[in-house]
Amino acid sequence: MNRQNLVVLLGGILFGFGLAYSGMTKQEIVLSFLQLKDLGLMFVMGGAALVTFFAINVVPRILKKPPFGDQFKPRKAAISRNVIIGAVIFGIGWGISGQCPGSAVASLGTGNYWVLIGLAAMFIGAYLRGLIGEK
Amino acid sequence: MFPLGIEPYLIGGIIVGIGVSLIYILTGLHATQSSFFTTTLSWFSKRRHFQKERNLQERSWRLFLAIGLVIGALLYTLTFSTTGFWTTSVQLWRLALGGLLVGFGTRLSEGCTSGHGISGLASLSTTSLSAVIVFMGVAILTANIVQLVGVLP
Numbered sequence: 000m001n002r003q004n005l006v007v008l009l010g011g012i013l014f015g016f017g018l019a020y021s022g023m024t025k026q027e028i029v030l031s032f033l034q035l036k037d038l039g040l041m042f043v044m045g046g047a048a049l050v051t052f053f054a055i056n057v058v059p060r061i062l063k064k065p066p067f068g069d070q071f072k073p074r075k076a077a078i079s080r081n082v083i084i085g086a087v088i089f090g091i092g093w094g095i096s097g098q099c100p101g102s103a104v105a106s107l108g109t110g111n112y113w114v115l116i117g118l119a120a121m122f123i124g125a126y127l128r129g130l131i132g133e134k
Numbered sequence: 000m001f002p003l004g005i006e007p008y009l010i011g012g013i014i015v016g017i018g019v020s021l022i023y024i025l026t027g028l029h030a031t032q033s034s035f036f037t038t039t040l041s042w043f044s045k046r047r048h049f050q051k052e053r054n055l056q057e058r059s060w061r062l063f064l065a066i067g068l069v070i071g072a073l074l075y076t077l078t079f080s081t082t083g084f085w086t087t088s089v090q091l092w093r094l095a096l097g098g099l100l101v102g103f104g105t106r107l108s109e110g111c112t113s114g115h116g117i118s119g120l121a122s123l124s125t126t127s128l129s130a131v132i133v134f135m136g137v138a139i140l141t142a143n144i145v146q147l148v149g150v151l152p
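In order, the protein sequence lines correspond to chains A and B.
According to numbering that gives the first Met the number 0, the stretch in the first sequence is residues 0 to 134, in order.
According to numbering that gives the first Met the number 0, the stretch in the second sequence is residues 0 to 152, in order.
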């Protein structure tokens with residue numbers, strides 16, 4: 000395993016630990032948020048985005064390049080019809096099942112083996128995306 | 000509004016942020032999840048969509064990210080969790096249908112709750128902000144309709 004993959008693995012462990020700590024790995028908790036019964040879940044994305052904001056916006060001013068990478072990659076994407084249509088379809092799926100990609104993968108670690116069905120379906124969905132158009 | 004308080008959510012979110020930040024600071028990579036499906040499919044499909052240079056470059060570290068997520072959640076379940084291992088009571092048809100739409104939608108939108116929601120918002124991307132507003136709004140609407148027609152939980 001190279002150093003980059005090791006860092007990603009360690010960061011991923013924190014990521015998964017935090018998702019489980021916050022309850023996002025439980026579809027029932029996500030659904031109770033989406034049903035507006037418990038709004039606490041907005042602090043998960045908010046808290047994570049706030050911490051990451053400093054990493055993305057401050058650190059590249061101090062370091063020229065990351066110790067185990069070529070460059071600090073910007074996350075830039077132009078708005079397009081696909082971004083919005085995709086977000087609508089994702090929202091319907093999230094609202095039906097309480098699963099999103101990261102929380103579904105992490106949910107496996109909590110013993111929730113049924114989510115394998117959701118993950119298999121996500122692979123099929125991603126494959127179908129590949130069938131409808133090359134980009 | 001907050002029957003369980005906000006602490007577990009906020010603390011969990013901050014831990015997630017530390018993990019994502021650690022990866023960004025040390026490697027320059029955005030630890031986002033939905034691309035994992037596309038890059039992993041590059042091992043199995045010869046289609047040009049999956050064989051793009053970027054997918055081949057990213058597929059190995061994205062696999063490590065996914066393994067990390069599982070290990071992290073497992074560590075939490077073995078230590079701090081008060082409920083231990085569990086399984087969801089959400090119906091399998093919902094996991095399957097929802098998963099299909101999540102997989103297709105996040106790849107069409109090129110981002111999910113972590114891609115648009117964490118990395119995108121943290122990057123002050125207006126594209127991601129638009130995507131977040133749309134998928135949150137649609138998800139809230141959908142979850143309430145599902146509940147309204149009597150499908151629980």
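There could be a bad hint or two in this list.
Per the computed footprint, the stretches of chain A lying under chain B, defined by three or more beta-carbons under 8 angstroms from a beta-carbon of chain B, are [stated by the list, open to error]:
#, stretch
1, 24 to 36
2, 39 to 51
3, 61 to 70
4, 81 to 89
5, 103 to 110
The set of hints was computed from the structure by calculation and includes no laboratory data.
We treat Cβ as the ideally placed atom computed from N, Cα and C, and that holds for glycine.
Consistency of the hints with the structure:
1. Coverage of a stretch by a chain is defined here by at least three residues with a beta carbon nearer than 8 angstroms to that chain's beta carbons; for the stretch 24 to 36 of chain A and chain B the count is 10, and the condition holds.
2. Restraint check on the stretch 39 to 51 of chain A versus chain B: 13 residues with Cβ-Cβ distances below 8 angstroms, three needed, restraint holds.
3. Counting residues of the stretch 61 to 70 of chain A whose CB falls under 8 angstroms from any CB of chain B gives 8; the rule of at least 3 is met.
4. Counting residues of the stretch 81 to 89 of chain A whose CB falls under 8 angstroms from any CB of chain B gives 9; the rule of at least 3 is met.
5. Coverage of the stretch 103 to 110 of chain A by chain B holds in this model, with 8 residues showing a Cβ closer than 8 angstroms to a Cβ of that chain against a need of three.
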